[in-house]
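Colleague: Residue strings, one per chain:
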Amino acid sequence: MTTLPPPSAKKLGLVIDLDTCVGCHACVVSCKGWNTENYGAPLSDQNAYSGAASGTFLNRVHSYEVQPPILKDKPAAPAQLIHFPKSCLHCEDAPCVTVCPTGASYKRVEDGIVLVNEKDCIGCGLCAWACPYGARELDEKAGVMKKCTLCVDRIYNENLPEEDRQPACVRTCPSGARHFGDLGDETSDVSILVAERGGFDLMPEQGTKPTNKYLPPRPKDVEPEYDILAPYLEPIAEDGKGFVGWLDKALSALPGGAK
Amino acid sequence: MHPAPSVIFFTTFSGLGYGLLFWLGIGMPAPTGWVAFVFFAIAYIMAVGGLLASTFHLGRPERAIKAFSQWRSSWLSREGICAVATLLIMAIYGAGLVFFGAEWTILGWLGAIGALLTVFTTSMIYAQLKTVPRWKHWTTPTLFLLLSIGGGALFSGNVKIAIPLFVIAGALQAFAWFHGDGRFNASGTTMETATGLGHIGKVRAFEPPHTGTNYLMKEFIHVVGRRHATQLRIVALVLGFVIPVILLLLGAKHVLGLLAVVSHVAGILALRWLFFAQAEHVVGLYYGKR
Numbered sequence: 058m059t060t061l062p063p064p065s066a067k068k069l070g071l072v073i074d075l076d077t078c079v080g081c082h083a084c085v086v087s088c089k090g091w092n093t094e095n096y097g098a099p100l101s102d103q104n105a106y107s108g109a110a111s112g113t114f115l116n117r118v119h120s121y122e123v124q125p126p127i128l129k130d131k132p133a134a135p136a137q138l139i140h141f142p143k144s145c146l147h148c149e150d151a152p153c154v155t156v157c158p159t160g161a162s163y164k165r166v167e168d169g170i171v172l173v174n175e176k177d178c179i180g181c182g183l184c185a186w187a188c189p190y191g192a193r194e195l196d197e198k199a200g201v202m203k204k205c206t207l208c209v210d211r212i213y214n215e216n217l218p219e220e221d222r223q224p225a226c227v228r229t230c231p232s233g234a235r236h237f238g239d240l241g242d243e244t245s246d247v248s249i250l251v252a253e254r255g256g257f258d259l260m261p262e263q264g265t266k267p268t269n270k271y272l273p274p275r276p277k278d279v280e281p282e283y284d285i286l287a288p289y290l291e292p293i294a295e296d297g298k299g300f301v302g303w304l305d306k307a308l309s310a311l312p313g314g315a316k
Numbered sequence: 106m107h108p109a110p111s112v113i114f115f116t117t118f119s120g121l122g123y124g125l126l127f128w129l130g131i132g133m134p135a136p137t138g139w140v141a142f143v144f145f146a147i148a149y150i151m152a153v154g155g156l157l158a159s160t161f162h163l164g165r166p167e168r169a170i171k172a173f174s175q176w177r178s179s180w181l182s183r184e185g186i187c188a189v190a191t192l193l194i195m196a197i198y199g200a201g202l203v204f205f206g207a208e209w210t211i212l213g214w215l216g217a218i219g220a221l222l223t224v225f226t227t228s229m230i231y232a233q234l235k236t237v238p239r240w241k242h243w244t245t246p247t248l249f250l251l252l253s254i255g256g257g258a259l260f261s262g263n264v265k266i267a268i269p270l271f272v273i274a275g276a277l278q279a280f281a282w283f284h285g286d287g288r289f290n291a292s293g294t295t296m297e298t299a300t301g302l303g304h305i306g307k308v309r310a311f312e313p314p315h316t317g318t319n320y321l322m323k324e325f326i327h328v329v330g331r332r333h334a335t336q337l338r339i340v341a342l343v344l345g346f347v348i349p350v351i352l353l354l355l356g357a358k359h360v361l362g363l364l365a366v367v368s369h370v371a372g373i374l375a376l377r378w379l380f381f382a383q384a385e386h387v388v389g390l391y392y393g394k395r
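These protein sequences, in sequence, are chains A and B. Using the working numbering, you'd call the opening residue of the first sequence number 58 and step up by one each time. Using the working numbering, you'd call the opening residue of the second sequence number 106 and step up by one each time.
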């Protein structure tokens, strides 16, 4: 069924901290690894060893430069580099689900995870068209749509030690930038994190009501005045007097010399 | 969006085929015997050919039958059902005309309504997508329907109806292009909302997630082809509407009629190419592109 179920009480999802993500791509690699070796069609690569390599990934890390605005009375604050992991947001109002003509795409009633039943997928690509986030990629080899499963084959897997029962990307993140939990439960760790840090939705105007939340980078510290050493560090020969001044003028007078 | 030949052929020829079926269905004209056979053959070659072309872009075409199941929620599923139902109804109606010389009016009207519904549901596949602001507009279904019954009028020899329909369709297409150019910006989706980093400042894509390309970039970011958009718009309007209207006004018999058909089809192909190539998907923002 590709009609959406009523909102579930349990909303499993990720909280991604843009303040601590270092852009190492470990989540990308562990995701590709787990989801190639386990549930569903493997995530294929095309021309993996040529200059035109491409492949299917369920999680990709973008990097953005953000330039704070230049204010009248202050010099421009330096640009910030923000690493930005992006995967399926398991939206409550998932447009990818309702467009599916075969019923392959569905949202789970019990925990809100959006999945693809690969046996029913005809690879029409319409769900990827409907997703504003680029969370779905058609696997060129298998011809079916692939997307983040929230590692549904890990989180409930009683064959794994308890600490491994979370998505591969969360388990592997070395900087603690990825958190997994129930965002439908206001008392869960992830919900508290979102409330305290001001977690936000991506493209809220698209009306998808994403479950996954992003935590904003913390404000940068303001640099204090280091006035103890400052007088000693000022340029000495800026006015160009004496020998240095003469040398400066003499060198400038030469053909091609700096003015 | 990537202008895949399969979807361009599908929307163009299915549109014309179902447009012709519409006019045949309402009995304009209602030929019998061999003449009816030729009319229905042309309509079915275009409609079925277009539908078959559309299956070429599927990853697993052998499972296409499953696409009839989700009519409650999916426009693509509804389109599949309407398309097949119309073909079946019109096959019976056509058989009546060809073999028995009988005009089963009710069936014909049912088929005509089915043909319109098929074109409408096709257009809604595109018009429903909030992710492509250029498509999410009333002009998308209106134009699909106008072009379909306009082209159908030309193919069915309803010259007096085709001329005003072409004039209206050409004008509406020009308006849709003009208005569509501003819709991405009007949608309010920007790199700042995409990343949620707008509260810090201006966002610029610094480094993509990978050195090569990927499915998303191939499917949704088609920058190169847009360079000649203005010229192609003029070509599409001239070939699709201006030349056919002039030829039809000169007299629509045989050679001139055929030229009008060829010119119109070429114009619609150009127009549909632009429909896809110029449509910008919001996911491009994550790559700093449109």
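None of these hints come from the bench; they were simulated from the model. Beta carbons are placed, not taken as given, at the ideal position from N, Cα and C, and that holds for glycine. Warning: the hint list may mix true and false statements.
[Stated by the list, open to error] Here are the simulated SDA-like pairs of lysine to any residue, each with C-alpha atoms no more than 25 Å apart in a straight line:
| hint | chain 1 | residue 1 | chain 2 | residue 2 |
| --- | --- | --- | --- | --- |
| 1 | A | Lys176 | B | Leu157 |
| 2 | B | Lys307 | A | Ala133 |
| 3 | B | Lys307 | A | Lys176 |
| 4 | B | Lys394 | A | Asp258 |
| 5 | B | Lys394 | A | Ala136 |
| 6 | B | Lys241 | A | Pro261 |
| 7 | B | Lys307 | A | Gly80 |
| 8 | A | Lys176 | B | Asn319 |
[Stated by the list, open to error] Listing some non-contacts, in silico: residues in chain A with all C-beta distances to chain B over 12 Å:
| hint | residue |
| --- | --- |
| 9 | Gln124 |
| 10 | Asp130 |
| 11 | Leu138 |
| 12 | Asp210 |
| 13 | Gly299 |
| 14 | Pro312 |
| 15 | Gly314 |
[To be verified] What follows is a set of in silico ranges between Cβ atoms, one per label pair, in the way DEER data are often shown:
| hint | chain 1 | residue 1 | chain 2 | residue 2 | range |
| --- | --- | --- | --- | --- | --- |
| 16 | B | Ala291 | A | Thr77 | 32 to 40 Å |
| 17 | A | Ala66 | B | Leu157 | 40 to 48 Å |
| 18 | A | Leu128 | B | Ala279 | 42 to 50 Å |
| 19 | B | Pro110 | A | Ala315 | 54 to 62 Å |
| 20 | A | Ser232 | B | Lys394 | 25 to 33 Å |
| 21 | B | Ala196 | A | Thr60 | 30 to 38 Å |
Colleague: Work down the list of hints and note, for each, if the structure agrees.
Modeller: Quick rundown of the hints versus the structure:
1. A/Lys176 x B/Leu157: Measuring from Cα to Cα gives roughly 22 Å; hence the hint holds.
2. B/Lys307 x A/Ala133: 12 Å, holds
3. B/Lys307 x A/Lys176: 43 Å, violated
4. B/Lys394 x A/Asp258: Holds - the C-alpha atoms of A/Asp258 and B/Lys394 are around 21 Å apart, at most 25 Å.
5. B/Lys394 x A/Ala136: Between B/Lys394 and A/Ala136 the Cα gap is close to 20 Å, so the pair holds against 25 Å.
6. B/Lys241 x A/Pro261: With Cα atoms ~18 Å apart, B/Lys241 and A/Pro261 stay inside 25 Å; holds.
7. B/Lys307 x A/Gly80: 20 Å, holds
8. A/Lys176 x B/Asn319: Answer holds: A/Lys176 to B/Asn319 is near 23 Å, not above 25 Å.
9. Gln124: The claim breaks: A/Gln124 does not keep its Cβ more than 12 Å from every Cβ of chain B (closest is about 5 Å).
10. Asp130: Per Cβ check, A/Asp130 is outside 12 Å of chain B; nearest 17 Å; holds.
11. Leu138: Its Cβ does come within 12 Å of chain B, the nearest being 6 Å, so this is violated.
12. Asp210: At roughly 22 Å from the nearest Cβ of chain B, A/Asp210 sits farther out than 12 Å, so the non-interface label holds.
13. Gly299: Per Cβ check, A/Gly299 is outside 12 Å of chain B; nearest 45 Å; holds.
14. Pro312: 41 Å, holds
15. Gly314: Holds, since 38 Å exceeds 12 Å.
16. B/Ala291 x A/Thr77: 32 to 40 Å: Given a distance of about 36 Å, which is inside 32 to 40 Å, the answer is holds.
17. A/Ala66 x B/Leu157: 40 to 48 Å: 46 Å, holds
18. A/Leu128 x B/Ala279: 42 to 50 Å: The hint (42 to 50 Å, Cβ to Cβ) holds, given that A/Leu128 and B/Ala279 are roughly 44 Å apart.
19. B/Pro110 x A/Ala315: 54 to 62 Å: Since the Cβ atoms of B/Pro110 and A/Ala315 sit about 59 Å apart, the hinted range of 54 to 62 Å holds.
20. A/Ser232 x B/Lys394: 25 to 33 Å: Holds, since A/Ser232 and B/Lys394 (Cβ atoms, about 28 Å apart) stay within the stated range.
21. B/Ala196 x A/Thr60: 30 to 38 Å: At roughly 32 Å between Cβ atoms, A/Thr60 and B/Ala196 fall inside 30 to 38 Å, so the hint holds.
Comparing the model with each numbered hint stated earlier shows that hints 3, 9 and 11 do not hold.
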